[in-house]
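**Student:** Below are the chains, spelled out letter by letter.
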Amino acid sequence: EPEVTQTPSHQVTQMGQEVILRCVPISNHLYFYWYRQILGQKVEFLVSFYNNEISEKSEIFDDQFSVERPDGSNFTLKIRSTKLEDSAMYFCASTAGNSPLHFGNGTRLTVT
Amino acid sequence: QQQVKQSPQSLIVQKGGISIINCAYENTAFDYFPWYQQFPGKGPALLIAIRPDVSEKKEGRFTISFNKSAKQFSLHIMDSQPGDSATYFCAARYTGGGNKLTFGTGTQLKVEL
Numbered sequence: 001e002p003e004v005t006q007t008p009s010h011q012v013t014q015m016g017q018e019v020i021l022r023c024v025p026i027s028n029h030l031y032f033y034w035y036r037q038i039l040g041q042k043v044e045f046l047v048s049f050y051n052n053e054i055s056e057k058s059e060i061f062d063d064q065f066s067v068e069r070p071d072g073s074n075f076t077l078k079i080r081s082t083k084l085e086d087s088a089m090y091f092c093a094s095t096a097g098n099s100p101l102h103f104g105n106g107t108r109l110t111v112t
Numbered sequence: 113q114q115q116v117k118q119s120p121q122s123l124i125v126q127k128g129g130i131s132i133i134n135c136a137y138e139n140t141a142f143d144y145f146p147w148y149q150q151f152p153g154k155g156p157a158l159l160i161a162i163r164p165d166v167s168e169k170k171e172g173r174f175t176i177s178f179n180k181s182a183k184q185f186s187l188h189i190m191d192s193q194p195g196d197s198a199t200y201f202c203a204a205r206y207t208g209g210g211n212k213l214t215f216g217t218g219t220q221l222k223v224e225l
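In order, the protein sequence lines correspond to chains L and P.
Heads up: the first sequence at position 34 corresponds to 34 in my numbering, and the numbers run straight through without jumps.
Heads up: the second sequence at position 82 corresponds to 194 in my numbering, and the numbers run straight through without jumps.
FYI, nobody ran anything at the bench for these hints, they're computed from the structure.
Treat the hints with care, as some may be off.
[As the list claims (entries may be wrong)] A few chain P residues that don't get close to chain L, going by computed Cβ distances all over 12 Å:
# : residue
1 : Gln121
2 : Ile130
3 : Glu138
4 : Asn139
5 : Ser177
6 : Asn179
7 : Lys180
8 : Gly195
[As the list claims (entries may be wrong)] Only part of the chain P face toward chain L is listed, based on derived beta-carbon distances under 8 Å:
#  : residue
9  : Pro146
10 : Pro156
11 : Tyr206
12 : Asn211
13 : Lys212
Given the structure is predicted, the values throughout are model-derived calculations rather than measurements.
Cβ coordinates follow ideal geometry from the N, Cα and C atoms, glycine included.
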């Protein structure tokens, strides 16, 4: 069964540094998402992306965050200047449209 | 209005028992209600989902009960097994909201032998 793959599985960075989290969505999917989950808390929507532009973003997704689909397969989340409170699991997800969301296994981001 | 409230926070059930997790919502525009199962170190995986035009949906040992007037829905796991031990999240989505899911706070289920 096709799956969403995310790299790296764990990223440690220092406060103020830039990080890029990478995702390869399922190949025929058109809608892409980032969610995050702070340890022990619920999964929260960050941003949705369709047709090479952001469809919707949450209040969490401020100017420090950006997304990009640099080629036909990758979907990235960049955090420009990380803060301690950015430490969380970041999940990429994709869907073909009006169909279930498929999540990757996440990238654990630790900001020290 | 966008919140989905989930209870209990944690649940311990004996093997073979029934696990019941409850969720409530306020936004009447929500029209799709999935349940996700998450194992440690993994992403959420869709377990079962329901739309508000039906009151119950069953898939194997998993059943969603939906009460539209009360704006509540619940997950029942029959004959619970140790392999069901995981965190369960209810979620909700509305048409026009793309696939933006609003998640509940999660229930940690432990099934004991």
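**Student:** Decide, hint by hint, whether the structure agrees.
**Tutor:** A quick look at each hint next to the structure:
1. Under the 12 Å C-beta cut-off, the non-interface status given to Gln121/P relative to chain L is violated; the minimum distance is some 10 Å.
2. A cut-off of 12 Å between C-beta atoms confirms that Ile130/P is not in contact with chain L; the least separation is 24 Å.
3. With a least beta-carbon separation of about 16 Å from chain L, Glu138/P lies farther than 12 Å from that chain, consistent with its non-interface assignment.
4. Chain L leaves Asn139/P outside its interface by the beta-carbon criterion, the shortest separation being 14 Å against a cut-off of 12 Å.
5. Look at Ser177/P: its CB is around 20 Å from the nearest CB on chain L, clear of 12 Å, so calling it non-interface holds up.
6. Separation of Asn179/P from chain L is adequate, the least Cβ-Cβ distance of about 22 Å exceeding the 12 Å criterion.
7. In this structure Lys180/P is separated from chain L by more than 12 Å, as the shortest Cβ-Cβ distance comes to about 21 Å.
8. No beta-carbon of chain L comes within 12 Å of the beta-carbon of Gly195/P; the shortest separation is about 18 Å.
9. Using the Cβ-Cβ criterion of 8 Å, the hint placing Pro146/P at the interface with chain L is satisfied: the shortest such distance is roughly 7 Å.
10. About 5 Å separates the beta-carbon of Pro156/P from the nearest beta-carbon of chain L, less than 8 Å, and the hint is met.
11. Hint status for Tyr206/P: violated, given a least beta-carbon distance of 12 Å to chain L, over 8 Å.
12. Interface restraint check for Asn211/P: the shortest CB-CB distance to chain L comes to about 5 Å, inside 8 Å, so the restraint holds.
13. Restraint check, Lys212/P versus chain L: the minimum CB separation of about 5 Å is within 8 Å; hint holds.
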